[in-house]
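Engineer: Please take these sequences and the hints and turn them into a complete structure.
There are 2 protein chains.
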Amino acid sequence: MKLYTYFRSSAAYRVRIALNLKNLAYEAVPVHLVKDGGQHLKDDYRRVNPAGAVPALVDRDLNLSQSLAIIEYLDEAYPYPPLLPPDPAARARVRAIALDVACEIHPINNLRVLKYLTGELGVSEEQKLAWYRHWVEVGLAAVEARVAGNPESWKFCHGGHPTLADCCLVPQVFNARRFGCRLDHVPTVVRIDAECRTLPAFVAAAPENQPDAE
Amino acid sequence: MKLYTYFRSSAAYRVRIALNLKNLAYEAVPVHLVKDGGQHLKDDYRRVNPAGAVPALVDRDLNLSQSLAIIEYLDEAYPYPPLLPPDPAARARVRAIALDVACEIHPINNLRVLKYLTGELGVSEEQKLAWYRHWVEVGLAAVEARVAGNPESWKFCHGGHPTLADCCLVPQVFNARRFGCRLDHVPTVVRIDAECRTLPAFVAAAPENQPDAE
Numbered sequence: 001m002k003l004y005t006y007f008r009s010s011a012a013y014r015v016r017i018a019l020n021l022k023n024l025a026y027e028a029v030p031v032h033l034v035k036d037g038g039q040h041l042k043d044d045y046r047r048v049n050p051a052g053a054v055p056a057l058v059d060r061d062l063n064l065s066q067s068l069a070i071i072e073y074l075d076e077a078y079p080y081p082p083l084l085p086p087d088p089a090a091r092a093r094v095r096a097i098a099l100d101v102a103c104e105i106h107p108i109n110n111l112r113v114l115k116y117l118t119g120e121l122g123v124s125e126e127q128k129l130a131w132y133r134h135w136v137e138v139g140l141a142a143v144e145a146r147v148a149g150n151p152e153s154w155k156f157c158h159g160g161h162p163t164l165a166d167c168c169l170v171p172q173v174f175n176a177r178r179f180g181c182r183l184d185h186v187p188t189v190v191r192i193d194a195e196c197r198t199l200p201a202f203v204a205a206a207p208e209n210q211p212d213a214e
Numbered sequence: 001m002k003l004y005t006y007f008r009s010s011a012a013y014r015v016r017i018a019l020n021l022k023n024l025a026y027e028a029v030p031v032h033l034v035k036d037g038g039q040h041l042k043d044d045y046r047r048v049n050p051a052g053a054v055p056a057l058v059d060r061d062l063n064l065s066q067s068l069a070i071i072e073y074l075d076e077a078y079p080y081p082p083l084l085p086p087d088p089a090a091r092a093r094v095r096a097i098a099l100d101v102a103c104e105i106h107p108i109n110n111l112r113v114l115k116y117l118t119g120e121l122g123v124s125e126e127q128k129l130a131w132y133r134h135w136v137e138v139g140l141a142a143v144e145a146r147v148a149g150n151p152e153s154w155k156f157c158h159g160g161h162p163t164l165a166d167c168c169l170v171p172q173v174f175n176a177r178r179f180g181c182r183l184d185h186v187p188t189v190v191r192i193d194a195e196c197r198t199l200p201a202f203v204a205a206a207p208e209n210q211p212d213a214e
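Chains H and P are the protein sequences, given in the same order.
As numbered in full-length UniProt numbering, residues 1 to 214 make up the first sequence, in order.
As numbered in full-length UniProt numbering, residues 1 to 214 make up the second sequence, in order.
Everything labelled a hint here was simulated from the structure, so no lab data went into it.
A portion of the hints provided could be inaccurate.
[Claimed, not checked] Where chain P lies over chain H, by a calculated footprint (3+ residues, C-beta under 8 angstroms): (1) 37 to 45; (2) 54 to 67; (3) 71 to 77; (4) 112 to 123.
It should be emphasised that the depicted structure is a prediction, and the values quoted were computed from it without experimental measurement.
Just so you know, even glycine gets a beta-carbon here, dropped at the ideal spot from N, CA and C.
Structural biologist: Encoded structure:
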């Protein structure tokens, strides 16, 4: 397998965790989102992923994109260990937490969105940072509301093994720290993040441990 | 089943389509996103969905939120007719198209984001509209790149039956029209949207056909 990745990309980080949790070896192909005006926007990469977004995973003749679709694919094609529980209700809970991050926080703070803010809209660096922090803090509070005091979240987001939800949560908490967001209002999120980061699969997937880290 | 819905909510519209495609009867409970300063933000509704987002689906003792998690749940709990193809590669393709809409377009143009733009950032109505159109037009171009000339998309987004991808695409095209976005660059998207809207399940789910339509 070949993973087109950027060390700081939150979506690539999710897939790296999933691949590691499943003990799937992969070749990392770095795609720099800043250098050369963004290598992800060049024709070379657009032949891999026409949307020009990172990550993309190539598995034999299959060309996959969208991090959550990739992780669901991995879970179906390489079922062990599972990243979703067996029961539909529990699966819905795990997916909802993953989507709380993937739909409610991350897209609003994506690089291209921040660029539009400071470029087209002439927003200041300070306002941009306040925007970033606002969506992370509000979004993680929604995750906290799902996990706090919920016996299902006794160890990880759901149960005693990491799931798709944890694959999404840890990269988001990483970004939250990077941009100095408040985390004191989401103690369960912080506790789960710490629990995840004791596992080698999460450690190996961290931005600072990537071959293209700066 | 009880669906907490708002006629114009794109995410609620997705779930309405899915429920109709599966012939599942439901009681629509309207939650007005503007009236009373947003009924979704009141304690009453937060007891249903602490994140204060629409839609939420209550199925017996289960309380579900996040539209894509709800639709995946429906597909697992009520498998016929399926909204995802059986093969993992095809499922990944359908999910990727759904996420192109649900992660790359919709969150950036959500009501709360537009409010932050005009409120906190003091962006003009004209700039807000340009922002809206930009993300829809760029985002739908990414969908077009997946479906144009792809034999898998001969009728719907994937194959001869509507899937999760169509449940997401049609509400987004509805919004695109509502806000006067360009669509001439996405002819396959327009063709698939028209195909979907010949089906009663899509017609009955449309905003103008909801009990709370204005």
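Engineer: Can you give the numbers of the hints that this structure goes against, from lowest to highest?
Structural biologist: Failing hint: just 1.
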